[in-house]
Amino acid sequence: CYSPKIQKDNYPGWMDDLKGSRIMSIRRRGKNILIDLSKNRTLWVHLKMTGRFYYRSGTNPTDKHDLMIFEFKNDKFNLRFNDYRRFGRVRLLPTDTIMLQKGLSDLGPEPLEISLSDFIDLFRKSSRMIKPALLDQTFLAGLGNIYADESLYSARIHPRRLTNRISKKKLVQLHSIIRKMLKRAIGLMGTSVDSFAGVNGKTGRYQKYLLAYGREGEKCRRCGGKIRREKIGSRSAHFCPRCQRL
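The numbering of the sequence shown is this note's numbering, which starts it at -10 and goes up by one.
FYI, nobody ran anything at the bench for these hints, they're computed from the structure.
Keep in mind that this is a model prediction, so the values were computed, not measured.
Treat the hints with caution; some may be incorrect.
What the hints assert, rightly or not - Derived lysine-lysine pairs resembling DSS-like cross-links, with alpha carbons at most 30 Å apart:
no., residue 1, residue 2
1, K197, K215
2, K(-3), K53
3, K159, K169
4, K220, K208
5, K220, K114
6, K158, K220
7, K20, K220
8, K(-3), K91
9, K20, K53
10, K158, K197
11, K158, K114
To be verified - What follows is a set of in silico ranges between Cβ atoms, one per label pair, in the way DEER data are often shown:
no., residue 1, residue 2, range
12, R234, T39, 31 to 39 Å
13, G203, L235, 16 to 24 Å
14, T39, V161, 31 to 39 Å
15, P(-7), S116, 39 to 47 Å
In this text, a Cβ means the ideal position worked out from N, Cα and C, and glycines have one as well.
Using the sequences and the hints, build the whole thing.
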């Protein structure tokens, strides 16, 4: 079953194409989850701010924020897509052309895949403030507000610093920090500062290691200064003005 919002995002008859499909593979591009199915169909999912999947017994009552429920053959459990803010999206599209869709075709390189030389070139060719650049999915795909703040803090880079004014040494450091941070966060099942939880209902554990994000007014654990929160572009940034000098 599915909500009217999910229906609105899809074409007429899409449920007929979905029924009876077999999951062939699951992949990710940026913040997008791509569930490849049989019949040349792919479910394109974006969790947005509060979306999540969870696995439950079919006898469990549905939650009012469940937008879609996937039932499996010969399985007493089902997979539910839940999103209390209702910003998340689930779309069914042809597998062979899905990467041509806007929102996928215009994504920047993956932080865990981009080489150091390409990473440096990327920043050299831009003259934007680094925090908004890191959040721009067409610039670098996959970073969100939390990991952007944390990586800049660890690299001692001010969030307003222009990308083409950052030294090569700092960019080398930032490239390494982002990769290590994401790998560690993935290993800890993500960062649960709001409603995020895995399909098994367990929350992530990386929030225990946050050094800047969400610590406005608290002492910097590096220098003792106070963590500041400022709006930069359309998003807030958490940083230490003493450690991360402009």
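Q) How does the Cβ-Cβ distance of R234 and T39 compare with 31 to 39 Å: does it lie in that range? A) Distance hint for R234, T39 holds at roughly 35 Å.
Q: Check the following: the C-beta atoms of G203 and L235 are separated by a distance inside 16 to 24 Å.
A: holds, 22 Å
(Q) Assuming the hint says 39 to 47 Å, is it satisfied by the Cβ distance from P(-7) to S116 or not? (A) holds, 44 Å
Q. Regarding the pair K20 and K53, is the alpha-carbon distance no greater than 30 Å?
A. holds, 25 Å
Q. Are K220 and K208 close enough, with their CA atoms no more than 30 Å apart?
A. holds, 20 Å
Q. Going straight from one Cα to the other, do K220 and K114 come out at no more than 30 Å?
A. holds, 25 Å
(Q) For K159 and K169, compute the direct alpha-carbon distance and say whether it is at most 30 Å. (A) holds, 15 Å
Q | Restraint status (C-alpha distance of K158 to K197 at most 30 Å) | A | Holds, at about 29 Å.
Q. Under the criterion that the straight-line Cα-Cα distance not exceed 30 Å, is the pair K20, K220 satisfied?
A. Status holds; Cα separation ~23 Å.
Q. Given the hinted pair K158 and K220, is their alpha-carbon gap at most 30 Å?
A. Answer holds: K158 to K220 is near 27 Å, not above 30 Å.
Q.
Run the distance test for K197 versus K215: straight-line Cα separation, threshold 30 Å.
A. Roughly 19 Å between the alpha carbons, so the hint for K197 and K215 holds.
Q.
Checking one constraint from the list: CA of K(-3) to CA of K53, max 30 Å. Satisfied?
A. The hint holds at about 18 Å.
Hint compliance for this structure: every hint is met.
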